[in-house]
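Protein chains in written order, with my numbering: chain A, 2 to 264; chain B, 2 to 796.
Incorrect hints may appear among the rest.
Computed cross-link-like contacts, BS3-like style, restricted to lysine-lysine with a CA-CA straight-line distance of at most 27 Å [stated by the list, open to error]: (1) 86(A) with 40(A); (2) 574(B) with 564(B); (3) 48(A) with 766(B); (4) 564(B) with 40(A); (5) 129(B) with 45(A); (6) 476(B) with 92(B); (7) 280(B) with 40(A); (8) 27(A) with 352(B); (9) 476(B) with 568(B); (10) 86(A) with 48(A); (11) 125(B) with 45(A); (12) 438(B) with 454(B); (13) 125(B) with 27(A); (14) 781(B) with 191(B); (15) 48(A) with 27(A); (16) 129(B) with 454(B); (17) 129(B) with 48(A); (18) 352(B) with 280(B); (19) 438(B) with 766(B); (20) 352(B) with 125(B); (21) 125(B) with 280(B); (22) 542(B) with 564(B); (23) 457(B) with 188(B); (24) 792(B) with 457(B).
If you're looking for bench data, these hints aren't it; they were derived computationally from the structure.
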Amino acid sequence: MYDFAYEKPTALAAAVSALTTDDEAKALAGGQTFIPVLKQRLNKPTKVVDLSSLGLSGITVTPSTVTIGAMTTHGDVANSVDVQKAIPALANLASMIGDWQVRHRGTIGGSLANNDPSACYPSALLALGGTVTTDRRTIAADDYFQGMFTTALEPGEIITSVTFPVPERAAYQKFRNPASRYAMVGVFVAKFASGVRVAITGAAQGGVFRHAAFEAALSANFLVDAIAGITTPADDLNSDIHASAAYRAHLIGVMTKRAIAAA
Amino acid sequence: MNVINEGIGASMRRKEDLRFISGRGHYTDDMNRPGQSHCVLKRSDRPHAIIRSIDLTAARAAPGVVAIFTHADLDADGVGGVPCGWQIHSKDGSPMVEPGHPVLATGRVRHVGDPVVAVIAETKAQAKNAAELVVIDYEDLPAVAHLNDAVKPGAAQVHEGAAGNICFDWHIGDKALVDAAFARAAKVVKLDLTNNRLVPNAMEPRAAIGDFDAMSGDFTLITTSQNPHVIRLLMGAFVLHIPEHRLRVIAPHVGGGFGSKIYHYAEEAIVTWAAGKIKRPVKWTADRSEAFMSDAHGRDHVSTAEMALDEHGNFLALRTSTLANMGAYLSTFAPAVPTYLSGTLLAGVYKTPAIYGEVKAVFTNTVPVDAYRGAGRPETTFLLERLMDVIAHDTGHDRVALRRQNFIPSDAFPYQTPVALQYDSGDYTATLNAALKASDWDGFPARRAEAAKRGKLRGIGMSTYVEACGIAPSKLVGALGARAALYEVAQIRVHPTGSVTVFTGTHSHGQGHETVFAQLVAEQLGIPFANVDVVHGDTAKIPFGMGTYGSRSLAVGGTAMVKAMDKIIAKGKKIAAHLLEASVEDIEFAGGNFTVAGTDRAKSFGEIALTAYVPHNYPIEEIEPGLEETAFYDPANFTYPGGCHICEVEIDADTGVTSVINFTAVDDVGRVINPMIVEGQIQGGVAQGIGQALLENAVYDEAGQLVSGSFMDYTMPRADDLPNISVGTETTLCTHNALGVKGCGEVGAIGSPPAVINAVVDALKDYGVRHLDMPATPQKIWAIINAAGVKLAAD
């Protein structure tokens with residue numbers, strides 16, 4: 002990696018300031034994407050601002066919401082008895098990210114701020130219709146994701162926590178890329194009294210997206226058979242050596258059916 | 002006292018593992034020499050281009066830079082190119098086209114990863130920074146990466162001297178005999194297939210440290226090598242022109258090789274030469290992504306195979322035609338892989354009376370390809386064993402019966418094949434029967450039906466194979482084009498109190514030599530296992546040796562030890578005869594004691610050793626003091642392990658995902674010294690074979706960029722991709738070495754890939770699948786199932 006300055010602020014305002022006063026400064030959360038990127042010299046920050054001393058970890062569960070501090074690790078979410086009870090699909094999703102080492106360091110805030118098109122968490126936030134709380138505002142999931150590696154976050158804006166409404170039923174199903182084991186197709190299905198939301202990660206060129214046709218069918222009838230006749234257009238899906246767009250379109254159907262069955 | 006068997010046949014725990022699994026190994030990158038500098042290579046990011054100019058101005062001014070070298074600096078010093086160690090002759094008798102392989106690219110780059118500039122700085126980070134400031138002005142040329150494209154008329158030319166990109170056009174066997182058999186055949190079965198390109202990916206990336214002692218003029222190279230003496234020979238004699246006594250090559254702990262660390266690589270020459278230039282040690286360690294584009298790759302063959310059969314399913318003749326990718330340059334043993342390590346195995350385990358094989362070796366703008374675990378035999382085994390199932394498919398024969406009917410019978414050994422080799426021993430029916438039983442082959446239909454109830458497609462497949470290893474008789478390989486001998490060397494040093502140090506020219510990079518050789522020596526000399534130490538991997542310590550590859554260490558290196566121990570025992574008998582006042586003919590050696598036959602008068606091995614070093618009462622006029630012997634052993638033949646692998650898979654028809662449910666390997670590896678290590682070697686080989694069959698694929702795009710250039714896209718097998726692998730052995734002894742051993746390092750990787758694919762094809766038989774190339778990825782299988790569904794819907 003290239004040389005950079007390192008700061009570890011202990012107050013949120015100081016962290017925001019450090020990132021805002023320097024366009025080339027970068028925030029470090031769990032580092033499970035960022036550190037490899039640095040090691041490969043794909044990014045050359047002037048300064049790395051470590052967010053680990055801002056007190057942003059922790060999980061709060063109410064009867065209707067689960068709120069997770071931005072610096073909470075995947076491992077802590079996966080192992081949280083409260084999350085397992087309130088939204089088991091969310092704990093399950095966290096348990097399937099990366100490996101033990103990644104889950105021990107990687108954070109929910111880091112994952113959502115990065116918005117990797119193959120990351121798991123974006124599908125949970127979008128399907129559950131959660132909200133992202135930052136140092137300055139609250140952003141609804143539907144407004145947050147703006148294309149791969151792109152979000153509504155402003156320069157220097159730091160996620161402090163993420164809040165998920167508790168659904169009636171939900172499940173996450175992931176088809177892993179055989180090599181990287183990131184989601185090649187990940188489907189999060191969430192049923193609320195108000196309707197069903199289905200979010201797909203890993204598959205589309207633009208990153209996570211909601212599957213309107215599935216949502217309409219499942220809102221009417223939350224059964225596997227409800228989506229039996231619905232095909233997903235392959236047009237905007239990714240195509241690579243591991244999966245053609247047509248194969249991904251097919252897997253979206255298979256994984257959604259499995260998610261419905263598991264929910 | 003209970004006698005615990007620590008010798009031949011005992012599953013002794015591996016001596017070396019404590020240090021390796023507790024992080025206390027000393028790998029090349031763990032070592033640092035005083036005053037060491039760091040080398041980073043600026044590599045080509047172009048598949049094929051002319052180097053118009055190289056501007057080093059900014060790089061030279063970068064902080065910490067010690068020196069920067071290009072081909073011009075090497076040329077000025079008369080540095081030679083990287084040599085090829087095997088020369089093949091084409092059908093017409095002409096030698097292969099052997100283009101220069103410059104240490105640093107000269108005038109042109111020919112693959113992504115081709116090293117162009119060596120940047121040396123105080124730290125690795127500084128060297129990387131400076132390397133980024135090197136400006137190379139390229140003029141891109143058309144490139145070609147794939148075999149079928151490279152041989153098309155008008156294809157981009159990788160080397161000016163290699164017309165049509167052909168390195169050689171070789172053949173083996175009797176074409177006229179084969180053509181005649183085809184003319185009278187009742188049935189001909191033809192199969193086109195590809196053996197996919199692999200990236201070896203040893204756990205430890207390659208690394209090298211060059212050092213130079215200005216006082217003595219001695220060079221030292223510490224390198225991740227499977228064969229330090231070979232590197233000393235090739236680099237010293239052909240590249241840097243350093244005589245052996247001025248060049249020490251150390252291959253310390255090495256974390257896996259699988260063939261990729263046999264070859265002499267440019268980086269070794271660069272750090273050694275540069276150390277001499279700057280009078281400081283120079284270290285280079287590959288990044289993983291650098292390894293992907295600079296370690297020799299494996300496989301990459303495209304073949305057509307045809308079998309002529311009579312009306313009863315007896316094989317009459319086999320005809321094969323192969324294109325073999327050499328990559329951009331000829332790596333050390335590359336020409337031997339598709340020819341003498343592959344074509345000579347075309348008989349397989351079958352008594353096919355007439356065989357003819359053709360191989361065209363082809364240059365492409367890709368990383369050089371060379372031997373990778375199995376080297377040539379996996380390619381031939383995949384071809385033959387896929388062909389077996391396709392014959393069964395096309396003719397309606399049962400695939401087990403077809404094989405059995407055409408086996409070389411167990412009483413036919415030694416068996417002369419039509420393609421040069423003479424198999425000394427084997428019993429293919431025995432390994433087949435044992436594997437059928439262990440895998441419950443006959444119970445498969447019930448398991449298939451049960452899986453179908455769960456919506457899964459279950460398939461079973463087998464391969465029955467033989468391979469040639471224990472390489473190799475020097476005279477024979479010399480006649481076949483090897484530019485080196487392939488004997489092995491052992492030195493046995495008995496210390497005054499009877500403990501023993503073994504110096505071997507083989508090299509352990511995961512195999513467990515320190516354990517196995519200690520068992521062997523302990524058994525032969527009748528001394529405790531703990532009293533034997535094994536030294537390898539240093540040209541300053543070991544008399545000579547050719548290293549470890551081709552499953553040769555025990556069969557060739559171990560036999561050399563036996564020969565050296567024979568000399569020790571012979572000398573010991575003379576000393577014992579003197580001490581016991583007996584005739585030397587009357588001295589017997591067994592269980593660590595020299596005994597006068599028929600009496601209880603004896604001297605222990607330790608007493609004899611002490612006497613040899615304290616020769617107060619000693620036949621000094623007759624023999625020298627001391628007890629140390631060296632033996633060079635050149636084998637009379639290859640060894641021929643063989644066996645039967647059976648794989649059972651389930652396919653999820655919804656996703657195309659294949660799960661390997663059971664894997665049974667029954668192999669004949671000759672006498673087994675350490676069953677636990679043999680089992681581990683076979684399991685490791687099978688893991689790599691399953692990797693090739695289902696997961697691994699080195700993918701170049703049309704333009705010559707390596708698409709699968711990291712673990713993000715290159716699917717290495719993980720533990721959860723693999724089943725429990727059941728390993729059994731059925732033994733026939735090698736008839737031409739003292740131990741009766743054959744070798745077990747590669748059988749797993751050789752026998753398994755066709756067994757896996759045969760199982761996958763079997764699982765998909767209702768979809769009309771006749772053949773499927775590796776890797777059988779979920780996408781590929783889904784496409785087959787989907788196409789069948791679309792067709793069904795259309796019908």
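Consistency of the hints with the structure:
1. At roughly 39 Å between alpha-carbon atoms, residue 86(A) and residue 40(A) are farther apart than 27 Å, so this suggested pair is violated.
2. Distance check on the hinted pair: residue 574(B) and residue 564(B) sit about 15 Å apart at the alpha-carbon level, within 27 Å; holds.
3. At roughly 59 Å between alpha-carbon atoms, residue 48(A) and residue 766(B) are farther apart than 27 Å, so this suggested pair is violated.
4. As the CA atoms of residue 564(B) and residue 40(A) are separated by approximately 52 Å, the hinted pair breaks the 27 Å bound.
5. Of the supplied pair hints, the one linking residue 129(B) and residue 45(A) holds, its CA atoms being roughly 14 Å apart against a limit of 27 Å.
6. Taking the CA atoms of residue 476(B) and residue 92(B), the gap is near 21 Å; set against the 27 Å cutoff, the hint holds.
7. Pair hint residue 280(B) plus residue 40(A) does not hold up; C-alpha atoms about 30 Å apart against a cutoff of 27 Å.
8. Between the alpha carbons of residue 27(A) and residue 352(B) the distance comes to roughly 68 Å, so the proposed pair goes past 27 Å and is violated.
9. Restraint check for residue 476(B) and residue 568(B): the C-alpha separation of about 24 Å stays at or below 27 Å, so the hint holds.
10. This hinted pair does not check out: residue 86(A) and residue 48(A) have alpha carbons roughly 40 Å apart, beyond 27 Å.
11. At roughly 17 Å between alpha-carbon atoms, residue 125(B) and residue 45(A) fall within 27 Å of each other, so this suggested pair holds.
12. Restraint check for residue 438(B) and residue 454(B): satisfied, since their Cα atoms lie roughly 25 Å apart, inside the 27 Å limit.
13. Restraint check for residue 125(B) and residue 27(A): satisfied, since their Cα atoms lie roughly 24 Å apart, inside the 27 Å limit.
14. For the proposed pair residue 781(B) and residue 191(B), the alpha carbon gap of about 22 Å is at most 27 Å, so the pair holds.
15. Using a Cα cut-off of 27 Å, the hinted pair residue 48(A) and residue 27(A) holds, with the two alpha carbons roughly 6 Å apart.
16. Our distance criterion of 27 Å between C-alpha atoms is broken by residue 129(B) and residue 454(B), whose separation comes to about 58 Å.
17. As the CA atoms of residue 129(B) and residue 48(A) are separated by approximately 20 Å, the hinted pair is consistent with the 27 Å bound.
18. Simply put, residue 352(B) and residue 280(B) have alpha-carbon atoms about 61 Å apart, too far for the 27 Å limit, and the pair is violated.
19. Proximity of residue 438(B) to residue 766(B) is assessed by CA-CA distance (about 24 Å); at most 27 Å being required, the pair is judged to hold.
20. Between residue 352(B) and residue 125(B) the alpha-carbon distance is near 57 Å, which puts this suggested pair outside the 27 Å criterion.
21. At most 27 Å may separate the alpha-carbon atoms for a hinted pair to count; residue 125(B) and residue 280(B) meet this at roughly 18 Å.
22. Of the pairs offered as hints, the one joining residue 542(B) and residue 564(B) holds, with about 19 Å between alpha carbons and a cut-off of 27 Å not exceeded.
23. Proximity of residue 457(B) to residue 188(B) is assessed by CA-CA distance (about 35 Å); at most 27 Å being required, the pair is judged violated.
24. The suggested pairing of residue 792(B) with residue 457(B) holds, with an alpha-carbon distance near 21 Å, which does not exceed 27 Å.
When the structure is compared with the earlier hints, violations turn up for hints 1, 3, 4, 7, 8, 10, 16, 18, 20 and 23 and for no others.
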